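Chains A and B supply the protein sequences, listed in that same order.
Residues 1 to 346, numbered by the working numbering, are exactly what the first sequence covers, in order.
Residues 1 to 498, numbered by the working numbering, are exactly what the second sequence covers, in order.
If you are wondering where the hints come from, they were derived from the structure by calculation, not from laboratory data.
Honestly, I wouldn't trust all of these hints.
Below, simulated PhoX-like cross-link-like pairs (lysine-lysine); rule was C-alpha separation at most 20 Å, straight line [what the hints assert, rightly or not]:
id: 1; chain 1: A; residue 1: LYS237; chain 2: B; residue 2: LYS314
id: 2; chain 1: A; residue 1: LYS232; chain 2: B; residue 2: LYS341
id: 3; chain 1: B; residue 1: LYS123; chain 2: A; residue 2: LYS237
id: 4; chain 1: B; residue 1: LYS219; chain 2: B; residue 2: LYS273
id: 5; chain 1: A; residue 1: LYS240; chain 2: B; residue 2: LYS314
id: 6; chain 1: A; residue 1: LYS336; chain 2: B; residue 2: LYS314
id: 7; chain 1: A; residue 1: LYS134; chain 2: B; residue 2: LYS314
With beta-carbon atoms standing in for the labels, derived distance ranges [what the hints assert, rightly or not]:
id: 8; chain 1: B; residue 1: SER146; chain 2: A; residue 2: ALA333; range: 52 to 58 Å
id: 9; chain 1: A; residue 1: ILE137; chain 2: B; residue 2: LYS185; range: 45 to 51 Å
id: 10; chain 1: B; residue 1: GLY496; chain 2: A; residue 2: TYR210; range: 44 to 50 Å
id: 11; chain 1: B; residue 1: ASP139; chain 2: A; residue 2: ILE137; range: 57 to 63 Å
id: 12; chain 1: B; residue 1: ASP406; chain 2: A; residue 2: PHE186; range: 38 to 44 Å
id: 13; chain 1: B; residue 1: ASP61; chain 2: A; residue 2: ILE31; range: 35 to 41 Å
id: 14; chain 1: A; residue 1: ILE340; chain 2: B; residue 2: LYS123; range: 48 to 54 Å
Here the structure is a predicted model, which means the values were calculated and not measured.
Each residue gets a CB set at the ideal place from its N, CA and C atoms; glycine is no exception.
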Amino acid sequence: MMSRKLKANMLSIALSLLTTIILTSILLLAIGKNPLMVYSMLISEVFGTGYGLGQAIFKATPLIICGCGLALCFQASLFNIGAEGQLNAGAFAMSIAAYTFDDYLGFGVLPFAIICGFIVSALWGLIPAFLKIKRGISEVITTIMMNFIALALVNYFLIDFIAVKSTVRTEKILDSVFIPKLSDFFGSFQGSSANLTFVFAILLAVFLYYMLYKTRFGYEIRAVGLNPTASKYLGIKTNKIIMWSFLLGAGITSLVGINFIFGYKGYYEFGFSNNLGFTSIAVTLLAKNNPIGIIFTAFLFGVLDYGGLAVNTIVPKEIMLVFQALVILSILAIDKIVKIYYLKED
Amino acid sequence: MDSENNVIVEYREVTKKFGNFTANDSISLKIYGNTIHSVIGENGAGKSTLMKILFGIYSQDGGELIVKGKPVKFKSPLEAISDNIGMLHQHFELIEDFTIFENVILGSEITNTGVIETKDTRKRIIDLIDKYKLGLDIDNKISEVSISEKQKVEILKLLFRNSEILIFDEPTSVLSPVEVDEFFKIIRMFKAEGKTIILITHKLNEIKELADRVSVLRKGKLVYEVNSNELDLEVLSREIIGPMEVTHLTDERAGTDYDSELLLSFDSVSVKKDNVLKLNGISFHVSSGEVYGICGVEGNGQSEIVDTIIGALKISAGSLKLNTGDVSLVPDDRIGKGMIKEFNIGENVLLREKNVTHFTKKNIKETSEKVISEYDVRLSDSLSPLASLSGGNQQKVIFGRETGLDNKMMVLVHPTRGVDINSSAFIYKIIIEQRNKNKGILLISSDLEEILKLSDRIGVIFKGRISQEYPKSDFTFSNDEDKHNFMVKVGKAMIGIE
Ligand SMILES: Nc1ncnc2c1ncn2[C@@H]1O[C@H](COP(=O)(O)OP(=O)(O)OP(=O)(O)O)[C@@H](O)[C@H]1O
Ligand SMILES: [Mg+2]
């Protein structure tokens, strides 16, 4: 049996999507477009071709990964706004490790580079965790600030020391250490950049779900997130939990680098993340910090992202950004309404 | 008073369900104006739910509610408040960082072109404080005041909103004997002014002292009603528990023939919190096989003793010895400190069992059901979040959880707060059993009867230190008068007279 809470969550997600579709339609009508035509084009472009679907998957992959990292923090009530900085620092380190050692390690460079990226990103997350634990400073402020520092530092080292001449990217890794594309297995994805990182992202989400909802560590994280005072009285080492959630959460965000570096371009490039760290916040909140839910919300955003490009011929692609923003606004509003009228909570 | 036109609130076959569970089952009840009407019943009987319907927190699924002759169906407390109904909840709802003044006006601010009008409002509140002798300073922050003062702030809120029908949900469970007397005086003043009071309580003596009429709920049904002139406490307690077996307190104590070891000792310990000295060179110890009872008025250092034991507060002078592993703890504030209210029973229990690393569905369910059956927890669904349990049932879960941990040392703060008579007796029985298993128990309570019943030694806490300590021989009474005299003596020590 589905729990009442789960039903309520599904209900509010469905209602918000509906609301968003209606509101976007009104907007489309206002600029003189036929919403039905736009939606049907979007759907046929994304779901009608293997390429379109592959591109949506490719766009969804980093959102799933980064969303998982954020979910870990959010479940502990740590509002980590610093993913953008964390993942850039991590992916930058990952690419350096990758192109430096790919000759020596062969395919073993993949785990090695992942670990390097993870550590750098995790350490970057450890600073706000430490400031929160020792000094009680809100992580919201510190993580926002740490974004600027991370991006500036990465930029500095990249441009001044590391970048390939007259570009803003690192050296490319050997072709032999790229991870396979989905089209290598399913021909219909031909041409799209979707790669095995997607499968990894799904496994990560499942693993994280298991950890959060089935293990002591996960229960302690959620307990601290729900009531830190009671957690202390229940014998949970709250500071330790805050530290680990931040460290692992930030570390996980760096794994988006796998998709871009090993699955797509072969190098780190400045600006590759394109506000991924912020879009993921929306993806995560929309899924109510549930890793399994994140798979779906990330996919929705992936569809809108690629779909925006696909319908660009008839409407500006910004329409899809509006759609994404409306989804978030309506879930916030509708969630409250569902809570009051369906769950009868006050 | 029984004249029909004096009925101020009437429930007509009111039913309230949570899912498939019926919390109030076709209840018909009349409350007469300008009376003190008491509602009593076991934990989970549906008392709070019934009152929350009157206060607009829930709306009934069936039946009618009639207030002052008009059928009503309040959609929110705001509507109830505007009908001059006020409710003091089982669990306080104050904002810790706000001052008393801010808390009182919150939600009913009087504004002047958008700006909160303070001058006249302050005066009005201060007048109310004087009139009812509440003794509050309206510029104090809630976080700085004691529990009984918090309760007075809640009462002040009701008065500020001109409530005429006042609902009190277990108001005295957080008060020490002296404070209870003060509270009764306030209630009597309300009645003298023509207000109507609905009083939920588990304490029969309070009913005897105050109530004009009593209604008994059992498993969601109204089973008995009586006026004060026909009140017989024996009959009343039978009606409360129904055909169930009464738990009797066996005061049988095993002889202390095992070696008793020192488990906990405070040696001239001083502790500061926010730079205020809260424990002031306190000394006492607890050994295995004994119950050491600390009684006192709330706010004299009790919660700081607990915080020091769990390591949340640092000692500034003296020394603390804890010669045992983990400590079982029933804290003073069950919702704020004792549980994660979003989790269910099993999850809350497993959270405390440190050797459990995986929370499987099966394990959670079995753990829940074990506590439910052992402690006779009444709830709608064995896997519902603790937040939906009635106050007394939450308390039983916490007590059961901590006892089940089988730690050598237990710290119990108000272990039976909000628990009905029969379950209280059961909890007392378990406490004595634990003691006889050579556990060391530190019992902190403002309920002197409870302390006397259970303790092997008693310490009175006043201003951060143990001001008096009594061995068992001092409170083994041969007659009621001795007991009364002793209680008066301790009562005085609790407020620092003598
Ligand atoms: N929001 C809710 N959701 C589900 N069940 C609920 C909810 N609120 C109350 N109940 C159930 O309804 C029953 C009655 O609860 P209520 O709080 O009215 O009891 P009570 O008589 O006040 O008990 P106590 O003396 O312990 O305070 C309980 O079994 C409780 O589990
Ligand atoms: Mg209640």
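Measure nothing beyond the straight line between the CA atoms of LYS237 of chain A and LYS314 of chain B; if it is 20 Å or shorter, mark the hint as holding. Roughly 16 Å separates the two Cα atoms, so the pair holds.
Keeping to a limit of 20 Å between CA atoms, is the pair of LYS240 of chain A and LYS314 of chain B held or broken? Within the cut-off at roughly 19 Å; holds.
Pairwise beta carbon distance, ASP139 of chain B to ILE137 of chain A, judged against the given window 57 to 63 Å: With Cβ atoms ~29 Å apart, the hint is violated.
Outcome for the supplied range 44 to 50 Å, where the beta carbon pair is GLY496 of chain B and TYR210 of chain A: violated (57 Å)
Per the hint of 48 to 54 Å, is the separation of the Cβ atoms of ILE340 of chain A and LYS123 of chain B within bounds? violated (37 Å)
Verdict for ASP61 of chain B, ILE31 of chain A (Cβ pair) under range 35 to 41 Å: violated (48 Å)
Would you say the C-beta atoms of SER146 of chain B and ALA333 of chain A sit inside 52 to 58 Å of each other? For SER146 of chain B and ALA333 of chain A the Cβ distance comes to about 40 Å; the hint is violated.
Take a quick look at whether LYS219 of chain B and LYS273 of chain B sit within 20 Å of each other, Cα to Cα. violated (44 Å)
In this structure, is the beta-carbon distance linking ASP406 of chain B and PHE186 of chain A contained in 38 to 44 Å? For PHE186 of chain A against ASP406 of chain B, whose Cβ atoms are near 57 Å apart, the range 38 to 44 Å is violated.
Take the C-alpha atoms of LYS336 of chain A and LYS314 of chain B, compute the straight-line distance between them, and say whether it is at most 20 Å. Judged against 20 Å, a Cα distance of about 41 Å means the pair is violated.
LYS232 of chain A and LYS341 of chain B were given as a pair; does the straight-line alpha-carbon distance stay at or below 20 Å? holds (14 Å)
Taken at face value, is the distance from the CA of LYS237 of chain A to the CA of LYS123 of chain B at most 20 Å? violated (47 Å)
Going down the numbered hints, you'll see the structure goes against 3, 4, 6, 8, 10, 11, 12, 13, 14, while the others check out.
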